[in-house]
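> Listed below are the residues making up each chain.
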Amino acid sequence: MMAGPVGAPPVAELEARGIVKRYGPLVANDRIDLVVARGEVHAVMGENGAGKSTLMSILYGLQQPDAGEILVRGRKVEYRSALDAIAEGMGMVHQAFKLFNSLTVWENVVYGMEPSRHGFIDRRAAIARVGEIAARYRLAVDPAAVVGSLSVGVRQRVEILKALYRDARILILDEPTAVLTPQERDGLFDVIRHLAADGRTILFVTHKLHEVMTITDRVTVLRDGRVVERMVTADTSPREIIRAMTGRAVNLKVEKAVSAPGAPVLVAEKLTVLSDDGRPLVDRASLTVCGGEIVGIAGVAGNGQTELIEALAGLRQPYRGSVSIAGRNVTAAGVDEHRVAGLAYIPEDRAVTGTARAASAADNLAMGFHRYPPLARRGLLDGRALATEARAMIARFGIKIGSEKLAVGTLSGGNLQKVVVARELTHRAPLLIAEQPTRGVDVGAIEFIHSELVAERDRGAAVLLVSAELSEILALADRILVMYEGRVLAEVDAATATEEALGLLMAGRVQEAA
Amino acid sequence: MSDIARPARRLPRIPPVPLAILVGVVLGGLLVLVSGGNPVEAYAAIVTGALAFDNLPNTLNWAVPLVGMTLVAATPLRGGMINLGGDGQMVIGGLVAALVPLYLPGPGPLLIIVAILAAMLASGLYATIAAWGETRHGIPMLISSLLLSYPAIGICSYIVGFPLRDTTTGLAQTPMIPEAARLPVLSGPLNAGLLVMMVVAILVVLYDRFTVGGYELRMRGLNARFAGYGGVPLARQMTGVMFASGAIAGLVGALIVLGSQFRFQDGALLSPGYTWSGLMAALLAGGEPLGAILAGAFFAALQTGGFAMQRETSIPRVLTMVLQSIIILFLAIRHGVGRRRETR
Numbered sequence: 003m004m005a006g007p008v009g010a011p012p013v014a015e016l017e018a019r020g021i022v023k024r025y026g027p028l029v030a031n032d033r034i035d036l037v038v039a040r041g042e043v044h045a046v047m048g049e050n051g052a053g054k055s056t057l058m059s060i061l062y063g064l065q066q067p068d069a070g071e072i073l074v075r076g077r078k079v080e081y082r083s084a085l086d087a088i089a090e091g092m093g094m095v096h097q098a099f100k101l102f103n104s105l106t107v108w109e110n111v112v113y114g115m116e117p118s119r120h121g122f123i124d125r126r127a128a129i130a131r132v133g134e135i136a137a138r139y140r141l142a143v144d145p146a147a148v149v150g151s152l153s154v155g156v157r158q159r160v161e162i163l164k165a166l167y168r169d170a171r172i173l174i175l176d177e178p179t180a181v182l183t184p185q186e187r188d189g190l191f192d193v194i195r196h197l198a199a200d201g202r203t204i205l206f207v208t209h210k211l212h213e214v215m216t217i218t219d220r221v222t223v224l225r226d227g228r229v230v231e232r233m234v235t236a237d238t239s240p241r242e243i244i245r246a247m248t249g250r251a252v253n254l255k256v257e258k259a260v261s262a263p264g265a266p267v268l269v270a271e272k273l274t275v276l277s278d279d280g281r282p283l284v285d286r287a288s289l290t291v292c293g294g295e296i297v298g299i300a301g302v303a304g305n306g307q308t309e310l311i312e313a314l315a316g317l318r319q320p321y322r323g324s325v326s327i328a329g330r331n332v333t334a335a336g337v338d339e340h341r342v343a344g345l346a347y348i349p350e351d352r353a354v355t356g357t358a359r360a361a362s363a364a365d366n367l368a369m370g371f372h373r374y375p376p377l378a379r380r381g382l383l384d385g386r387a388l389a390t391e392a393r394a395m396i397a398r399f400g401i402k403i404g405s406e407k408l409a410v411g412t413l414s415g416g417n418l419q420k421v422v423v424a425r426e427l428t429h430r431a432p433l434l435i436a437e438q439p440t441r442g443v444d445v446g447a448i449e450f451i452h453s454e455l456v457a458e459r460d461r462g463a464a465v466l467l468v469s470a471e472l473s474e475i476l477a478l479a480d481r482i483l484v485m486y487e488g489r490v491l492a493e494v495d496a497a498t499a500t501e502e503a504l505g506l507l508m509a510g511r512v513q514e515a516a
Numbered sequence: 191m192s193d194i195a196r197p198a199r200r201l202p203r204i205p206p207v208p209l210a211i212l213v214g215v216v217l218g219g220l221l222v223l224v225s226g227g228n229p230v231e232a233y234a235a236i237v238t239g240a241l242a243f244d245n246l247p248n249t250l251n252w253a254v255p256l257v258g259m260t261l262v263a264a265t266p267l268r269g270g271m272i273n274l275g276g277d278g279q280m281v282i283g284g285l286v287a288a289l290v291p292l293y294l295p296g297p298g299p300l301l302i303i304v305a306i307l308a309a310m311l312a313s314g315l316y317a318t319i320a321a322w323g324e325t326r327h328g329i330p331m332l333i334s335s336l337l338l339s340y341p342a343i344g345i346c347s348y349i350v351g352f353p354l355r356d357t358t359t360g361l362a363q364t365p366m367i368p369e370a371a372r373l374p375v376l377s378g379p380l381n382a383g384l385l386v387m388m389v390v391a392i393l394v395v396l397y398d399r400f401t402v403g404g405y406e407l408r409m410r411g412l413n414a415r416f417a418g419y420g421g422v423p424l425a426r427q428m429t430g431v432m433f434a435s436g437a438i439a440g441l442v443g444a445l446i447v448l449g450s451q452f453r454f455q456d457g458a459l460l461s462p463g464y465t466w467s468g469l470m471a472a473l474l475a476g477g478e479p480l481g482a483i484l485a486g487a488f489f490a491a492l493q494t495g496g497f498a499m500q501r502e503t504s505i506p507r508v509l510t511m512v513l514q515s516i517i518i519l520f521l522a523i524r525h526g527v528g529r530r531r532e533t534r
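Protein chains in written order, with the working numbering: chain H, 3 to 516; chain W, 191 to 534.
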């Protein structure tokens, strides 16, 4: 590993000052400052929704910031589009590759900047140039191969070649290892080292800790759109980075008695979930949640939690394994059967999954329970019951909305989350799955949601809590499962768990944690 | 990349549909003016042609299939799905409705009922093929529903062109269906098909407003992921909605055949373009059934008025189709522009 540059270099290769980007009421980037030195591998870390992607698309000219400025090699630049950014020497490898699968490698690489002779593409020169760059940075690619026939790892090299062909001095790699096997990943790291040694600068966007520790010189951590920490990799630890990514200043103490677990309600056995291209996202995960207990799933975001929950809730078909809720096997069943068996579910993303923005509060609060009494009888919806129930929930949960007839699209994040929580808690289901229930919610709402979750437990419901925030897991859970790369790596008794041991487990380091 | 707030350039807040109609009328009027006609005269001819007491039955008669095809498009659209296969589905229904009274024995009223139900069933099942293609094989229904229309039209054309053709005429058409199996006449050109379509339209509106299925369809249209998360079986719902949509198209075909044409004639169901006018009306209302029905009726009036205008003045009735298109285009622009402004 290279030594991290000490102190601020005379002129930064890339500098962002006070970048602000708003989407309606959401501030995706809040006065972000970023300084990256020449030849540095710089990690930008943060959870989903922390603002990494927005920042990268601004640096690459895909979006324009509402405020702030970008300096490349000390000179202020203004991008109207990515073309301007490329002209300044920026390159970006997106998570989803942007390649023509039916064309060859060299055609993809030179596309838009073809060397020409007498008005025709100079094929020989193009192949030679592409081969030369590939050899120089040890990007093993055959320029004449058709892209569609190549593996994912090789396609990624083609993307890097594309950027280098345009002489990118600063290369943004957006979650580059998400699609790679461990061997391909090691190959990519080799390439990155060569690029850095050649004086090129790498911005490495990820939330995988061990990669950051292996390959980067410095780390900038984002949370809720702000820079919360700048660290030199050699002087930090995975645990510190996790705390920066997920930690919250206020560590809320939740009052709760010792749990009295009853019969198992949710039982999952050896559950495997595959991605579209056949990689295991969840890998033989087994878990049991009993009535009267809260089981927390800890883990750095992106380690299979989302997919596990989708499989448990019936939104995604597991490849292998079984799921039962209150004694009913629901492995292959749809969401409705899960709900009938006793599932209530607070999803990770309230705006995308948990609500319909343009629908009224009454309609939103009915979803999932709309097929059964008291809301419906013999296929007919009882509009009066819908309104009455909605008004009761709005009052009980203190949702700040003028009327149940109004659309929920204008509610704040915390209020929208209350809509979801109110709906899922009102019907007293035996099983509650709560996924990131307090993400992006203000402190008052957090306390309220936490106490509601404990109340659910105390009335005998089985609660499965997924949270990227360790403090939340530690405060609420009776037992803690740690997920790492799709597996349930360890189970920890919450009474004896420490943040340190959990942090190590979340980084996949079982021996050290023991 | 500026700290300066963008100037708020907002169009005045006129509701989009009346504004679009207004723009259509103005541009259409200019078109008439440019081509040497008198716009006031043209519009007067359209209005009297459509709405004068004597002409009202004609308008209603034109509205029955048009509103029917509006419902065909609006029902899936309510759930964010698009059925472009109305032509094929309508033709299948028309042919089946003609064949039942021609080749089955039985008393007239019973034949009418059987013919209508068989037409709806056949068209409904045919429409579900597109849904099945999407839910099982990921073939976008937008494309498959349209493509499936052509073989349906082709096969029906072959059937009346060769095996089941009325050999006494030179045209590709079935023999006339017996008088007893024709829809009862209400008055003038109006037949019982009007009542049937009114009942269907009311049922669709009631379904949309008061049933669990209607709620689920609306929620799917607003956020399909939310509906799926709430337990709506999206694949089964798509199949069901397509069946209903196709069945209504079959009904339209059956009502035309049993009520006014009395035989299935190749191409006769398609030449008025009910499917596409209906689709435009459904889009105009964003799939909301009552609005769609009103829009469909509005287009029917416009088109009937167009015929009258062509008779009364020298202005071709294409003008009314132009009007229709301008209205839709203008709405599309407004929606597109509005959306982009929001995401900025």
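One or more hints might be untrue.
[As the list claims (entries may be wrong)] Output of the computed footprint for chain H on chain W, the stretches with three or more beta carbons under 8 angstroms from beta carbons of chain H:
hint, region
1, 347-354
2, 415-422
[Stated by the list, open to error] If you only want the chain H side, here are some residues facing chain W, beta carbon under 7 angstroms, derived:
hint, residue
3, LEU28
4, ALA334
5, ASP338
6, ARG341
7, ALA361
8, GLY370
9, ALA378
10, LEU382
11, LEU408
12, ALA409
13, GLY411
14, SER473
[What the hints assert, rightly or not] Label pairs and their computed distance ranges (CB to CB):
hint, chain 1, residue 1, chain 2, residue 2, range
15, W, GLY270, H, GLY381, 42 to 52 angstroms
16, H, ARG430, W, THR401, 19 to 29 angstroms
17, H, GLY381, W, ALA242, 40 to 50 angstroms
18, W, HIS327, H, GLY150, 17 to 27 angstroms
19, H, LYS407, W, MET388, 26 to 36 angstroms
Simulated from the structure, these hints should not be mistaken for laboratory data. Every residue, glycine too, gets a C-beta built ideally from N, C-alpha and C.
> Which of the numbered hints are not met once you compare them with the structure shown?
Result: hints 1, 3, 4, 11, 12, 13, 14, 15 break, sorted rising.
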